[in-house]
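Q: Residue-level listing of the chains:
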Amino acid sequence: MAEIATGPTSRCVGGVRRLLERYPFLPALAIVAALLLLNGFFSPASLSYRALTGLLSTYMALILLSIAQTYVVYAGDIDLSVGSILSLVNVTIIVLMERWGGGAGAVLLSLALGLLLGLACGLVNGLVVAALRLQAIVATFATSIFFTGLALYILPVAGTPAPTLFWRTYGGRLFGLPFVFYILAVLLLLLFMLARTRLAAQLLAVGDDRQAAYQTGLPVVSVRIRGYLLCGLFAALAAFCITGDTASGDPLVGGKMTLYSVAAVVLGGSALAGGWGTVVGSLLGALTIGLINSLVFFIGTPSEWQNFMQGLAILIVLMAGVLAGRRARP
Amino acid sequence: MSQMISFVRQPVVVALTLIVVLLYLGQLLSPGFATGGQILRLLIVAALLGIVAAGQNVVILGGREGIDLSVGGVVSLSAIIAGNVMNGADSGILPAIAACLAAGAFFGLLNGLGVTLLRIPPLVMTLGMLGVLQGLLVVIRMGIPSGQAAPALSRFVTQPLVFGLPGIIWLWIAVGLLMAFMLHRTVFGHRIYAIGSNEHAAYMAGVPVRPMRIALFAISGMFAALAGLCLLGYSGSSFANVGEQYTLTSIIAVVFGGTSLAGGKGGYTGTMAGAVLLVILQGILTTVNIDESGRQMVFGATLLLLMTFYGRGRAMRA
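Here the protein sequences come in this chain order: A and B.
With the UniProt record's numbering as the guide, the letters of the first sequence map in order to residues 1 to 330.
With the UniProt record's numbering as the guide, the letters of the second sequence map in order to residues 1 to 318.
Keep in mind the hints are simulated off the structure, nothing from the lab.
You may find that some hints are simply not true.
[Claimed, not checked] Just some of the chain A residues that point at chain B, by a computed CB distance under 10 angstroms: (1) Val128; (2) Ala151; (3) Val221; (4) Ile225; (5) Ala247; (6) Gly321.
[To be verified] Partial list, computed: chain A residues near chain B (C-beta under 7 angstroms): (7) Ala142; (8) Phe298; (9) Thr301; (10) Gly311; (11) Leu312.
Note that the structure is a prediction, hence the values are computed from the model and not measured.
Beta carbons: idealized from backbone N, C-alpha and C, even for Gly.
Could you put together the complete structure from these sequences and hints?
A: Here's what the structure looks like:
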């Protein structure tokens, strides 16, 4: 009797499992869909085209920062300095764009330098963690203090505005479509291409079993450094988005975002121990955080309880994500 | 000779040497830095950090990526609870101690349950808990005024008590002795090292791994709560997120004390030295005349430099 009952179920579980192995971000997608429905239920206007565009442009920075975090988590590392890299690039491009007059050339040149700065920060992290072999958690915390100091040196107090050209473009439209949609499209294309590179596979291999990766001939140190470089690059891209969204410079803007980026990675189903994960999951994880924040608002939580409800909801979804992710792992 | 080298390489010795060097450097940079009164002030600050780090220490020793990112939230919460319960009256101290320790144990217990029963990685569990605690702080602050420290508590933390040392230093010494006794002289302590170095072997040997781990997180919560209480005595009244800074600095103090983040190796004596080292470094940076940005850059770079003296991972060997 029992065997008859378990037969089809186990096959069904096996199917779900295969599906999860193929697309590990499915639980995150389900959570995002459920949150969208809940948001729509409590406030139908929140599902409007306009509201969704707004959500995307607000949380694009966190999405990119979570993707940045994912690449180091792939290799079993962690980067507690992503938020301060974001702040540093934010104030740097703001100051440069202002100094150079805020024209199109100035903006593009500042952005190029911003990308280089992000890469440089990633290189520092990669060197101290992979080459010097310091513990990632404490070493990137130390570099985050350094980067924050540098950001405070460049712009001691928040407030310098971004050139109109810059934030108008970010928040505006191009050929009738919101500009963030183009960012999202380019981002997805970029992620798709990166996922097919050798580096993504190497990062996952290093995260899965560092010793085995080394013994099969992978240059473990250089792979980990390249993971941090990719992380710095995406943190710089995140800084561009936060600059477009807030239209100003703030040396401490990224401080709170570091831990959110770690949470988004876990929400997306990636394993913090490394060797298992997807960047699309992290993208959805960042959206989950955004949707939880708006849902807590829409269900009419008293203002003083909002932070608590957000924290509690994120903790619960984190637990659910870990449990679902464990089922999916081979 | 090799004994000599292994003695010199001991984390405690490294930390103590660095402390002396930093004190000398501080005296050079700003004369009067290494005077008794000044050092005593630094020790009070170090005691606050050291008490938080005691809890962090046992969680990290317990292994399996053990770490407690919620300690900062517990410190803040405890300071606010203590302020409200005692509200400036000495008679409220005992109830405040009870309330704080209960709250700390409660949140530690929740962490431990999540880590063991649901098998959530400690980093994730305590990170989520930190978010909940920060939300709770907003609720409490909006609901009721944050209260005042009782005069006796402030005296205990800031004024000399016995042999010219304030009560909190004696409390820290007591914590140190208790930790040393617990870690090295009790079954419980030996079991911490056992589950930290090889959880499976410990389980096979009959160590109740899950209750152990839950207990470690509860202990961490209680030490953080105790530090929050003392922090209220130090600052007089509690304000927003007073404890935030303790989350990562407590981990660094443990690392500077020579405890491995991988678990199962290290002890609290080193952590105490690590806490003093960290606080002296911060003390030097506040006395020298540079602005906040430069201070942070030097602090970050020095932390990295000091870390190279400790716990560098092993190189890859085929």
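Q: Hint by hint, say whether it matches the structure.
A: Comparing the hints with the structure gives:
| no. | hint | result |
| --- | --- | --- |
| 1 | Val128 | holds, 6 angstroms |
| 2 | Ala151 | holds, 8 angstroms |
| 3 | Val221 | holds, 8 angstroms |
| 4 | Ile225 | violated, 14 angstroms |
| 5 | Ala247 | violated, 23 angstroms |
| 6 | Gly321 | holds, 9 angstroms |
| 7 | Ala142 | holds, 4 angstroms |
| 8 | Phe298 | violated, 17 angstroms |
| 9 | Thr301 | violated, 10 angstroms |
| 10 | Gly311 | holds, 3 angstroms |
| 11 | Leu312 | holds, 5 angstroms |
When each numbered hint is compared with the structure, violations occur for hints 4, 5, 8 and 9.
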